[in-house]
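J.: This is what each chain is made of:
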Amino acid sequence: MDFDLTDEQRLLRDSVERLVADRYGFEQRRKYAAEPGGWSREMWAQYAELGLLGLPFAEDHGGFGGGAAETMIVMEAFGRALILEPYVATVLLGGGLVQAAGSAAQQAEILPRIAGGETVLAFAHTERQARYDLADVATAARQDGGAWRITGEKGVVLHGDTADTLVVSARVSGGRRDAAGIGLFLVPAEASGVTRRGYPAQDLLHGAEISLHDAPATPLGTPGEGFAAIARVVDRTIAALCAEAVGAMAELHAMTVDYLKTRKQFGRPIGDFQVLQHRSVDMFTALEQARSMAMYATVMADSDDADERARAVSAAKVQIGRSARFVGQEAIQLHGGIGMTMEYKAGHLFKRLTMIDKAYGDADHHLARLAAAGGLFSEAA
Amino acid sequence: MDFDLTDEQRLLRDSVERLVADRYGFEQRRKYAAEPGGWSREMWAQYAELGLLGLPFAEDHGGFGGGAAETMIVMEAFGRALILEPYVATVLLGGGLVQAAGSAAQQAEILPRIAGGETVLAFAHTERQARYDLADVATAARQDGGAWRITGEKGVVLHGDTADTLVVSARVSGGRRDAAGIGLFLVPAEASGVTRRGYPAQDLLHGAEISLHDAPATPLGTPGEGFAAIARVVDRTIAALCAEAVGAMAELHAMTVDYLKTRKQFGRPIGDFQVLQHRSVDMFTALEQARSMAMYATVMADSDDADERARAVSAAKVQIGRSARFVGQEAIQLHGGIGMTMEYKAGHLFKRLTMIDKAYGDADHHLARLAAAGGLFSEAA
Amino acid sequence: MDLNFTEEELAFRDECRRFFTTEIPAALREKVAQGDHLSKDEYVTTQRILNARGWAVPHWPVAWGGQDWTPVQTYLYQDEMQQANVPAPLAFNVSMVGPVIAQFGSEAQKKRFLPRCANLDDWWCQGFSEPGSGSDLASLRTTAKRVGDKYIVNGQKTWTTLAQHADWIFNLVRTDPTAKKQEGISFLLIDMKTPGIKVRPIQTIDGGHEVNEVFFDDVEVPAENLVGEENKGWDYAKFLLGNERTGIARVGVSKARIRRLKQLAAREVAGDVPLIEDRRFREKLAEVEIELKALEMTQLRVVADERRAVKGKPNPASSILKIKGSEIQQRITELTMDLAGPYAWPYTRDEDEGSNEPPVGPDFAAEAAPMYFNYRKVSIYGGSNEIQRNIIAKAILGF
Amino acid sequence: MDLNFTEEELAFRDECRRFFTTEIPAALREKVAQGDHLSKDEYVTTQRILNARGWAVPHWPVAWGGQDWTPVQTYLYQDEMQQANVPAPLAFNVSMVGPVIAQFGSEAQKKRFLPRCANLDDWWCQGFSEPGSGSDLASLRTTAKRVGDKYIVNGQKTWTTLAQHADWIFNLVRTDPTAKKQEGISFLLIDMKTPGIKVRPIQTIDGGHEVNEVFFDDVEVPAENLVGEENKGWDYAKFLLGNERTGIARVGVSKARIRRLKQLAAREVAGDVPLIEDRRFREKLAEVEIELKALEMTQLRVVADERRAVKGKPNPASSILKIKGSEIQQRITELTMDLAGPYAWPYTRDEDEGSNEPPVGPDFAAEAAPMYFNYRKVSIYGGSNEIQRNIIAKAILGF
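Protein chains in written order, with the UniProt record's numbering: chain Y, 1 to 381; chain A, 1 to 381; chain C, 1 to 399; chain D, 1 to 399.
It should be emphasised that the hints constitute simulated quantities derived from the structure, not laboratory data. There could be a bad hint or two in this list.
[To be verified] So the derived label-pair ranges between C-beta atoms look like this:
id, chain 1, residue 1, chain 2, residue 2, range
1, A, Ser15, C, Gln67, 55 to 65 angstroms
2, C, Gly382, A, Ala372, 36 to 46 angstroms
3, D, Thr22, Y, Phe3, 24 to 34 angstroms
4, D, Ala395, Y, Phe3, 37 to 47 angstroms
5, C, Arg200, Y, Phe3, 47 to 57 angstroms
6, D, Asp176, Y, Gln9, 17 to 27 angstroms
7, A, Gln9, D, Ala395, 50 to 60 angstroms
8, A, Ala254, C, Gly382, 26 to 36 angstroms
9, D, Ala266, A, Ala372, 23 to 33 angstroms
10, C, Gln67, A, Glu42, 32 to 42 angstroms
11, C, Leu38, A, Gln9, 42 to 52 angstroms
12, D, Pro201, A, Ala179, 42 to 52 angstroms
13, Y, Gly175, C, Glu7, 58 to 68 angstroms
14, Y, Asp307, D, Gly398, 42 to 52 angstroms
[To be verified] Lysine to any residue pairs mimicking SDA-like chemistry, simulated, CA-CA at most 25 angstroms apart:
id, chain 1, residue 1, chain 2, residue 2
15, D, Lys232, D, Ser133
16, A, Lys345, D, Glu210
17, A, Lys261, Y, Gln274
18, D, Lys181, A, Arg263
19, C, Lys284, A, Glu308
20, C, Lys232, C, Arg112
21, Y, Lys261, C, His37
22, A, Lys261, C, Ile387
23, D, Lys238, D, Glu9
24, D, Lys394, Y, Ala250
25, D, Lys31, D, Asn356
26, C, Lys262, A, Arg263
27, A, Lys261, C, Gly398
28, D, Lys262, A, Phe26
29, Y, Lys264, C, Arg141
30, D, Lys180, D, Ser133
31, C, Lys181, C, Arg112
32, D, Lys180, A, Glu308
33, Y, Lys261, C, Arg141
34, Y, Lys345, C, Lys238
Beta carbons: idealized from backbone N, C-alpha and C, even for Gly.
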């Protein structure tokens, strides 16, 4: 057991931290948010140059061969800086699905282009009635001659507005909530039959509602056997979101402690009040517990035991959701009015943390999933 | 709307408070606890003299004609003093059931004897498998010639060890968890076929496990139609227990605040620490919210609308359970070691509060009951 | 002890309910129910309907339009107004500056300001908070220097709610720079159209624009706009802040919101099951309902005590109302956001009403997260919950 | 970064597990699992088995029986011991007085006391707390006056755990009455059989007898029983209190308790449904499991940091372990009591084991409430959770 970073990991961390420190200040971020789709092409090129866009891919595919730990390092730094670029959508979700489900040829074609920053992907999966149920897919894929066509409605597609390629889940067979029979398909975003309604989200990331009407599609892997890949990639993505949340919480906690030490009222720093000290201690405890669970999810995210992996990831998502809500609410409360203004970073961290809870299942959803699976300490010691 | 006490109610409150202040100090209570069955016959006689034992009964039956509000006043004072006598078992449960289900003749015979302090009753109802489900009754009553005989196992019977008369619920017809078909019966505690195993409880009240084997029984009201009376009387008893809990919480909170003001550490009263002040404020808020709900349950306890009554009582029991747990735990924590000793009243208040949660359904049970019934604000305004 | 309302009280309640639900436009009340922001016109419309009925300023002196109601009547009026989603008369007018002018103002000020104040002919805003003052209000630095028959005001106010609509501002200013803290402060009424006043919007994290900074640069204010005596402004501010503490719990608002949340949860499905049938969600709802019912009873107890209360001296128990009331309001916004699920994420709030695009996701979802973000304020403003705990510790528990 | 244990670490863990589950009597471990109190003999038996294996005092200097393990090995040893429900070696001996004697004692003291300490031939208790001292330990008043080659000790200690079993007590005493607070305190070893010592039991609300008052009335103590220098006792006490902070989380104990609770919940029914299938109960359990897993990871992080830590200087992060560890332990007792339901109420704890009456209600129920009551102590003793928060605020957050 070793919590130390390897030399390579330390290098990775240092370079990502330096990049966001230099190029992703709060004011700079405001400018990036105003660009089309709400993110910076220039930063995207920077990530490519640093190798971040190919981080989890094999070296053959222009990647870095990194695992969940490397992703954690990057996502934590991204969380502190509130990065807006489509990293999760393209690298973790899109790239992850190509890795997990695509043919060798598809991988060889697409992954290098992701790593090079030449393509932006989005995962069009969630449907309105599904809420957080990954297997609830009504969108249908049918074969028309040799070609596949997809019809259905996808929602809250992360960066679905600026992606050039959509990875779309669609049902090839089975009932609406069956895990079996779900296929993954590649659909060019500009293809006929694809209608996108893009929007900014609460956290300034972007999303889209996407209608598909007989849209032409290429199967990613074997049609109808996509669910295992979806489950695996979503679990990994959740672990990455946990790391992002830890970064955001750490930044928010540090800002709060700093504010308490510098903000004066009644002639002294408000941090002199024991009540506020203890409350920031409770925030710290919540943060450290969250950090521990993000590490746990990271270790387990690469597990091939789908049940064990899912339980660990659910547990982490619950902890992150609870800690983030607590840390976020307390941070705003301890800041007072200033924490509620758009001009100050704390409120933005709070909003992103709030929205991470809503991504791929909130704390209640994952608590139910974990409890139904028998909890964490089920086996004999 | 008027929260003021009537002159009569004020008189009642003053006399009960005076009685317990004079006769029910913590040291006196210790002596009473050492008497047979863990309670004082002398105090019992005092209650009778003051009219407390007939409080809810009609004047014709030697009573006072009091309602739920009068019971609340008495129970709150009893809660502060941690009264040990079988008031709930005899007056509220036993007497309440005779009132609610008994024939005119039975009422005329039994109620005056309760009011006079001549008899002690207990309600033998709970069965092990039933947990908190009032309708889960396996104990069976059958007619043998003209006489009724009861066979079954009853548990956690409050004051079942010293009662002379048991009110026993037993099934006349229907399935084990049907509300229909449950009858109420009077069984002399010393009758053949009755075996009692008495014990003290965590809160120094007493209880018994009772086995009935063809025990001779007299129907209280119409056999098989007892459930409505049970539900009504248990709801009223819960409202009374809520008031008792408010008394105990108020006493515990006052002791804690007093301790914080007098206990010195690091050269000053520990109550100077803002953290401890705020925590005692949160206890106070929990107490006052509990007091409000005890009043609400009191008002609703006399309602003939069984559904409305049950929802109000469940809501109050949840609030009391949550407040009592919070106030109790915080009181012990803020007291430190002294709060954990048998020689100090705080720990006893904490224990009684803990056990009130376990009587007739804990907070989780009543939350589920309330939620299943549609909550409190279901109708249009 | 009788916790039921009297026949007269019930009749009054019904009268309130009837009036609010028939006389105030339904579309406007529906906007309130949904958590939409109201336009200035909508506030004005509502308050004038209430004022025409004599119900805009019931707690004012009868001579100036008050109603001489019992505390229970005032409670019922507020509760019914809130439950019917009627926007309350503008607090800055009716609960803040109005009572101060009525109590401490000159006859000329009363005549000039009070009727317009009640009818929302003048929209008032509050110039108390300053950058750096926070809960330590008395540390304010905005100055007013007496020159002839004028005051020259310089400084900055902040968190000024709806200053963008305001015709007038009531301002705490430092008139004696040598005096310490609470002393040397005066209460000044300032026309927002006076040259030298600049209003700068503060955008909040929900995307809304409720609060502002207000800058005063050599603003000339006629001396006749001083309320009461010079350097006694702190007393008037305390009087103002001590008024009207029971409405603060906003029990009626929360009741309306819970009922709406239940309707939404009956509609919104996960898989094929309405969320209202999800046990955990239902129990979370029931938990808030219990807290709210308890708070309603606590509020009624405070109302009942008001008969015995000293006028203008706030009941410290009202701090409980503030703490629990804000927690419950926040919790309801949280549950609403949880109900919206993944659709809490898109930011599709429609500020200019003109759009006819269908909503993204469920129709309530667009407001769910913004309202959650916005409602963090209710435990901060009006004396933060930490300040309320200090009040209870000192005034009730005797620390 | 590799959060998996190495092959060597796993082998060591298995060795621990095998030893604890085969060499320590199962009946004794079952008593621990049930929360029963152990007899003095049972503690002694266990510790001697461990000591025979060289595992009673692994963290002591190797010369006195220590093992020179890595922090990870120490962690695994503790965790496996706790999970196997093995009672830990008596903390007063192995974690408190032993390390102090080994570090600061004379050679004669080491030879005389350490082997007997490790083997539990002498049972030690701790004479630190006094009535009125609480968290302000340095305010102690028990005096030791040097007369010739003896100290005459007068005063009173309290909360003295298991003093009823003790052969020796290590006592903080005031040797310089003129010095201020922390100064003038000495660390004295006292034979409990010395005339003038009286032990009075304190009964706690769970009905148990774990703690005592200890009175000293002109107790004569040989001067050779002074540890280190006179008036330097506070340093030794700080050293003692700073030792052994990771075991404080008691993660292994909580793991064992959660597994047992799940087994019980699978047996206990409401109606005809096992409580483990009640969604609310199951989710409450899962919530504690998550907290516990997080704490386990936090503990491993602290363990990993220990390699870099300065010896004897406690990691302030261990305060998190104390706070969360105690909260989790308490929460598990709460859930166990909730599981017992109405049968948490009877007090039928069997102190003298002799009885053959069947249990009242479920067999675990008799201990459920007493354990809940008893475990309130874990957030009070060893530096209350309030003190731990002060430590974090100061040492980590820099307030």
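J.: Please go over all the hints and tell whether each is borne out by the structure.
T.: Comparing the hints with the structure gives:
no. : hint                                    : verdict
1   : A:Ser15 / C:Gln67: 55 to 65 angstroms   : 42 angstroms, violated
2   : C:Gly382 / A:Ala372: 36 to 46 angstroms : 37 angstroms, holds
3   : D:Thr22 / Y:Phe3: 24 to 34 angstroms    : 32 angstroms, holds
4   : D:Ala395 / Y:Phe3: 37 to 47 angstroms   : 20 angstroms, violated
5   : C:Arg200 / Y:Phe3: 47 to 57 angstroms   : 48 angstroms, holds
6   : D:Asp176 / Y:Gln9: 17 to 27 angstroms   : 55 angstroms, violated
7   : A:Gln9 / D:Ala395: 50 to 60 angstroms   : 56 angstroms, holds
8   : A:Ala254 / C:Gly382: 26 to 36 angstroms : 29 angstroms, holds
9   : D:Ala266 / A:Ala372: 23 to 33 angstroms : 24 angstroms, holds
10  : C:Gln67 / A:Glu42: 32 to 42 angstroms   : 57 angstroms, violated
11  : C:Leu38 / A:Gln9: 42 to 52 angstroms    : 47 angstroms, holds
12  : D:Pro201 / A:Ala179: 42 to 52 angstroms : 50 angstroms, holds
13  : Y:Gly175 / C:Glu7: 58 to 68 angstroms   : 59 angstroms, holds
14  : Y:Asp307 / D:Gly398: 42 to 52 angstroms : 43 angstroms, holds
15  : D:Lys232 / D:Ser133                     : 19 angstroms, holds
16  : A:Lys345 / D:Glu210                     : 19 angstroms, holds
17  : A:Lys261 / Y:Gln274                     : 17 angstroms, holds
18  : D:Lys181 / A:Arg263                     : 18 angstroms, holds
19  : C:Lys284 / A:Glu308                     : 20 angstroms, holds
20  : C:Lys232 / C:Arg112                     : 22 angstroms, holds
21  : Y:Lys261 / C:His37                      : 36 angstroms, violated
22  : A:Lys261 / C:Ile387                     : 20 angstroms, holds
23  : D:Lys238 / D:Glu9                       : 32 angstroms, violated
24  : D:Lys394 / Y:Ala250                     : 18 angstroms, holds
25  : D:Lys31 / D:Asn356                      : 16 angstroms, holds
26  : C:Lys262 / A:Arg263                     : 49 angstroms, violated
27  : A:Lys261 / C:Gly398                     : 9 angstroms, holds
28  : D:Lys262 / A:Phe26                      : 40 angstroms, violated
29  : Y:Lys264 / C:Arg141                     : 15 angstroms, holds
30  : D:Lys180 / D:Ser133                     : 15 angstroms, holds
31  : C:Lys181 / C:Arg112                     : 31 angstroms, violated
32  : D:Lys180 / A:Glu308                     : 66 angstroms, violated
33  : Y:Lys261 / C:Arg141                     : 22 angstroms, holds
34  : Y:Lys345 / C:Lys238                     : 34 angstroms, violated
Hints 1, 4, 6, 10, 21, 23, 26, 28, 31, 32 and 34 from the list above are not met by this structure, while the remaining hints are.
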